[in-house]
Amino acid sequence: MPSGALLFQSVILGLLLGGLYALLAAGLTLYFGIMRVVMIAHSAFLILAAYLAWWTHTRLGIDPLLSMIVTVPLFFGAGVLLQRGLLSRLRAITLTMMSVLLTFAVALIIEGLLGYAFTGTQRRIQLGYGSAGLQVFGARIAVVKLIAFGLAVLALAALYLLMKKTTFGWALRATIQHRDAARLVGIDTERVAGYGFGLGLATAAIGGTALSLDTTIYPSLHWHWIGPLMAIIVVGGLGSVPGAAAAAVLLGLIQSLLQIPLGTTWAQTIFYLALFATLAFRPQGFFGGRLAQRF
Amino acid sequence: MRSSLRRTRWATALGATTILALGACSGDGDGGSTATDDPILVGISLPLTGDFSEPGKGVQQGYEAWAKITNDKGGLLGRQIQLKILDDQSNADRVVADYEQLIGSDEADLVVGPFSTRLVVPAARVAEEYGMLFVEPAGAAKEVFSQGFKNLFYAAPAVANDHYNHLAEYLLALPADKRPKTVAYAAMDDPFAQGTAYGLKDKLEAAGIKTVVNEVYPPNTTDFSSIAAKIASSKADMLVGGSQYQDGVNLIVALQQLNYQPKLAAFSGAPTNPEFAKAIGNKTEGVLSPTGYSPDAPYPSNKEFVEKFTAQFGKAPDEDQANAYTTGQVVAAAVTAVGCAEQGDCQKKLVDWVHGNKVETVVGPLSWDQTGKPQGAHMIQQWVGGRIRIVLPEAVKEAEFVYPKPAW
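So the protein lines, in turn, are chains U and X. Position 225, counted from 1, in the first sequence is what the UniProt record's numbering calls 225; the numbers after and before it change by one each time, with no gaps. Position 136, counted from 1, in the second sequence is what the UniProt record's numbering calls 136; the numbers after and before it change by one each time, with no gaps.
In isolation and in its complexed conformation, chain U is listed as follows (with noise of 0.2 angstroms):
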């Protein structure tokens, strides 16, 4: 029987990893609210974004988190070009498995170009407090997680406001709800997909940044990101940011938590057994979810 300590320090780690697949899963159900995309190459993208902070901190010799300055709006770019330019050009009737095919070669193309500007070699930043940690009621939470942690709920605070209290936030719900009616009362749906779309990216150089503080980095870490983070999505119900990130702290404190007694091999299939159980029993999702009844 592990110890009280031992499952207070695995709740504190578990919702520190949580929060940070909240933000990585938020960005994931974004795309596939406004169009109904599966975006493969979204953990790539944050592979990418990882590895320019790294690049910052170890070329530059400036904090990592500073990386963003330059990342957010160029991500944020780079998803309205990739909306614009490519997704919006696949026929509606193939569009979410052509999207798997299409996403899928982006993401084969970030990571072969990561491997050839960096190569294979794991990378890791270095900080000075890397290693430094506070003491909590008897647990140890580290200054990194903490710090990414933050990181992940301003973000998703920020994404939450933008959503609830902006006039584009109000056409971009407006356009996941029913772009048809969006389109009726004049919101210019393609243009609000492309920006909504650069808002999903944004928040992987933000989740990026947030996941090179504390681990390391290589071209192909992404394909061991986008099956947790799909599998959240869909517990969470797809097109649903606030089911996401509720699931995403769910599965993250799970995932610690099942550590204790099966190891970390075994741990990892707590995502796919969720995704399984959602598929079997409510397909829909658990959180909202509406759309993917629909799908």
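It should be emphasised that the hints constitute simulated quantities derived from the structure, not laboratory data. Mixed in with the good hints there might be a few duds.
[Claimed, not checked] Taking lysine to any residue and the SDA-like style, the derived pairs with C-alpha atoms no more than 20 angstroms apart in a straight line are:
(1) 308/X x 318/X
(2) 278/X x 121/U
(3) 235/X x 132/U
(4) 57/X x 143/U
(5) 57/X x 260/U
(6) 278/X x 128/U
(7) 315/X x 170/U
(8) 283/X x 128/U
(9) 278/X x 59/U
(10) 235/X x 261/U
(11) 235/X x 260/U
(12) 57/X x 121/U
(13) 278/X x 7/U
(14) 210/X x 3/U
(15) 397/X x 315/X
(16) 57/X x 122/U
(17) 57/X x 58/U
(18) 278/X x 261/U
(19) 235/X x 115/U
(20) 235/X x 141/U
(21) 210/X x 261/U
(22) 164/U x 3/U
(23) 278/X x 115/U
(24) 283/X x 143/U
(25) 283/X x 119/U
(26) 57/X x 141/U
(27) 235/X x 138/U
(28) 235/X x 59/U
(29) 235/X x 135/U
Put chain X on the given structure of chain U with help from the hints.
Positioned in the frame of chain U, the structure of chain X alone reads:
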């Protein structure tokens, strides 16, 4: 229409037969006249891309250094060495096809091994089928020696399970109240990495030292916080990591974040890496690692190897390069003693020679048991005063063993 089609078929068949016949003739011609000044073709498949690409490239440099140094001295039996290196992409299916090609169609005179247990076993099976001598630089797990291979030899001082033998002896010789009482093990799910940690685990458990954590993680693990949490909460006296490089660093950083301070910490692979100190914030003092090779080791051929390798590649060799070079030295010793290097009966003579003899190499004198397992143990190195030094065994030590380990 139909008759013309048939005619074409006849023509094709006739053409094919002619080509086959010609091919057979020329094949005979080649086999019959092995001129003494033909180069010796050495076939190798290496993981130059994929999971093992970094160590794979290291092994490649070792082989290239061996070929160059040997050729500069006039080659083997007066023949130049020519390497044929294929890329197996770290893939076990690929490595089988590669060795089939090297032995079958490229007619390599000799073959030597690839990198890592997962690739050595399938490769050795091919070599065994063709009756080729198979000396290899990197299959250290016990699985390699339990397959019944008769032609395989591992060109390093010890197999994975024996790496920590000197450390186990040292710890068990301590007075009972000074010995560590509890140990935490964390090993990558990889035969080599697990072999090192479990070799030590078996010996310590047999002596009554308790295992309090025993974790295995997949090779692609990047987040070690949960494993670290388990180890930290166990408060084990000693930590043993069956690690390669980055996983060892990640585990140490995660443990530092949790402020876990063991009295002893040993990792296979990681601490000997030149980047190690910087990667864990220079808090390396007292960290242990078994090592099969040190550029400072006083063996006669080692000085020449380090000098010429450094001249060729601009940096000192490390273990991967040294093991590949050792592989070359073993093969060269056998070829020189037996006086032949070609497929066929010669290979059997080479195998018999290696079984019966001791070979002087850059990692010391090597000899093997019937399964091809080398009969030695690794030196134990420790970070002492900001440098990694040999501390065990007594005979070759460069510094005193530090125990307990200072905080990291």
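Hint check results:
no.	hint	verdict
1	308/X x 318/X	14 angstroms, holds
2	278/X x 121/U	16 angstroms, holds
3	235/X x 132/U	19 angstroms, holds
4	57/X x 143/U	36 angstroms, violated
5	57/X x 260/U	37 angstroms, violated
6	278/X x 128/U	11 angstroms, holds
7	315/X x 170/U	61 angstroms, violated
8	283/X x 128/U	12 angstroms, holds
9	278/X x 59/U	16 angstroms, holds
10	235/X x 261/U	18 angstroms, holds
11	235/X x 260/U	15 angstroms, holds
12	57/X x 121/U	12 angstroms, holds
13	278/X x 7/U	32 angstroms, violated
14	210/X x 3/U	18 angstroms, holds
15	397/X x 315/X	24 angstroms, violated
16	57/X x 122/U	15 angstroms, holds
17	57/X x 58/U	24 angstroms, violated
18	278/X x 261/U	34 angstroms, violated
19	235/X x 115/U	40 angstroms, violated
20	235/X x 141/U	17 angstroms, holds
21	210/X x 261/U	19 angstroms, holds
22	164/U x 3/U	43 angstroms, violated
23	278/X x 115/U	23 angstroms, violated
24	283/X x 143/U	18 angstroms, holds
25	283/X x 119/U	27 angstroms, violated
26	57/X x 141/U	39 angstroms, violated
27	235/X x 138/U	14 angstroms, holds
28	235/X x 59/U	39 angstroms, violated
29	235/X x 135/U	17 angstroms, holds
Violated hints, listed in ascending order, are 4, 5, 7, 13, 15, 17, 18, 19, 22, 23, 25, 26, 28; each of the other numbered hints is respected by the structure.
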